[in-house]
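Undergrad: Required output: the full structure, derived from the provided sequences and hints.
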Amino acid sequence: MAKEAGDGPANERQRNKDRQETLDSSEILVTGRMVNDYVASDALTGTKNAALLMDTPSTVVVVSEELIEDRGLVRLDQALDTVSGAQPKAGYGGTQNFGTFLRGFDLGQVTLRDGFRDPGFYSLRNTANVERFEVLKGPASVLYGAINPGGIVNTITKQPKDEAHLDAVAILGSFDFYRAEIDAGTPLTQGINLRLNAAYEDSDSYRDLVESRSLFVAPAVSLQLGDKTRWLVRGEYTDSQFTWDIGLPRIANSLRVPVSRFLGEEDGINDVQSYFVSSLLEHDISSDWRIRQNISYSRTSGEYNLRSFYAVDADDRTVLRVAYDTDESQFGFIAQHEVIGDFRLAGIRNQFAAGLEHYTTGQEFAFEFQNLDNIDLFTPVYGAVAGDQFAFPLFSSDNDRDGTALYAQNLMHLSDSFKLLAGIRQEWIDNRDYDRLADAETRNNSDKATSPQIGLLFQPAENTSLFGSYSSSFTPSSARQADGTFLDPETGEQFEIGWKQVWLNGRITLSLAGFEITKSNVATPDPDNPAFNVQSGKQRSRGVEMDIAANPVPGLAITFAAAHIDAEVTEDSRFLIGAALPGAPKWSGSLWSRYRFEQGPLDGFTFGLGLFYSGKREALLRTQAAPADGFLLPSYTRLDAMVGYEKNGWRVQVNAGNLTNEKIYLLSGTALMPQASRNFAFRVGRSF
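Taking the working numbering, the leading residue of the sequence shown gets 212, the next gets one more, and so forth.
It should be emphasised that the hints constitute simulated quantities derived from the structure, not laboratory data.
Careful: at least some of the hints might be erroneous.
[To be verified] Below, computed lysine-lysine pairings styled on BS3-like, alpha-carbon distance capped at 25 angstroms:
#, residue 1, residue 2
1, 797, 874
2, 659, 749
3, 797, 749
4, 372, 858
5, 827, 858
6, 827, 749
7, 369, 439
8, 874, 827
9, 372, 439
[To be verified] Per label pair, the in silico range of CB-to-CB distance:
#, residue 1, residue 2, range
10, 834, 524, 18 to 24 angstroms
11, 874, 784, 32 to 38 angstroms
12, 606, 897, 46 to 52 angstroms
Small disclaimer: the values here were computed from a predicted structure and weren't measured.
For glycine and all other residues, C-beta sits at the position ideal for the given N, C-alpha and C.
TA: So this is what it looks like as structure tokens:
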């Protein structure tokens, strides 16, 4: 491929700068734009201002749409396999929500969706309308509020286009998996564009007696309201029925049974509906300044029929079970009023974002239960049936949280060589819990937190960035002390140094970072009164991570990730000092490579191959009283592959997962969730 005159790192970087400074004002800035195959040049998540990754003194990894399609992803828990230091976490009862461990810490199910906090515990999300994933490593409370210190994952969804398009895909896979997707859009009139993503899925499972069905519909409309105002409205609806399945007890014997072993009952079917709607309204005040109002509302509710274990007998094989019948729901409302600037002051370019945010979240549940017959871990006998009357109410609560925050962040281009990122957030939170059975308020307290951030980046050459940064986070605690007061929020702080490099005019990018994160104020059982907690815990994660994305020659795309992380307890009254945090392997990594033939007899063919490695990791946090009770989950090296062919708008693709038939386990609550054995998926798609 011939180079144009003047090509080189300096000229490429200048073109990127020019593009950043002359953005088309007709675009709503909710996604990054510069992505070439697997290689991204900018991201929105780290600054809310689509800054170049080479200019940002933090680590952001982008999982591109091309990579998602090549790997044939239809599950969110597979999305971060190519991101260093990320380990997936199983969802609530088998739901495919988005939990993860990042930089050694459990992030729970809290993620971002188009920049909005998405509670995630009950939420049902889908890959059908996903454009890309952006992963911000380390504490991120400055822009996103209460989160654990490992980082945050931002799912960027697809926007309407200004041209008509129609794409349809059908997928058939192992374990009687069937899925159909459609992506359609058209301009309705000048300045109004529509898009619809939809998917239907019907599947059995590699898990015995488990099945699921889901319908997903995601409409979006963009409106150009004059020359200076843009409005984007997006919605998502998911209707899902699935067998309740939390996996296996978190004991060593669970590693001895087949990954197909199911310990529930097939009548444990859940019927859940999930909604998400967002509005982004943006207006240009001038060529340098714009205001933005962001609003989102989400709700998930359903009838849950849980046939689940709660303990294992002393013989380590007799599993004690219970049947729950419960109505549960979760909602969240977020309103953000932001001012965004990209301006020069005293000759210094500033990429500035500031905002006022208010949010309300709530969770409601009402559990009734009855005992269910025990089941043997090694020789299960199914058929236990719960009675029609769940006469014993176990617990029923309403939990609400209101928060208000002010935040500001500025990326200053002090010179061609130095960039300074500084930010701060002040947040006030009110927590309320109400016990319906006792008809009493059990919690009514307030928390507040200040979260600063600062980072300095030095560019000794156009294609090299060196940086150091400090960032912080907080997470409100629901734990109570013996005197009845609630604990202060848990806090996190990170010190990070890093190196970013670009080669071949941006076709190869490297991100290498070393970090130390300390999580303080961790709630731990009170040694004098174990029914309550004290705030003596402290945990620390240290590590080095590397991410490489490359398109070195036409048709070839590569992503490589590697991490070495030590995550451990450093202070605690109950857990063993020096104990490794569960779910965090010391060594992990991945390599995915794809080659697309663009000429010759194999023109149109694509081949891909991936290796995914995780070292041994703790299944339990070991206690001081019984450190030997812990055990390790096995290491694994998973091999995936794909082959595809594309011609005249048709695309046929076969993806193979876990070809080496490795035993892989994810953590989930107090359980282990085995992952699928060797599996295949065949897809055929047509673009019109």
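Undergrad: Tell me the numbers of any earlier hints that the structure contravenes, in ascending order.
TA: Hint check: 5 fails alone, others pass.
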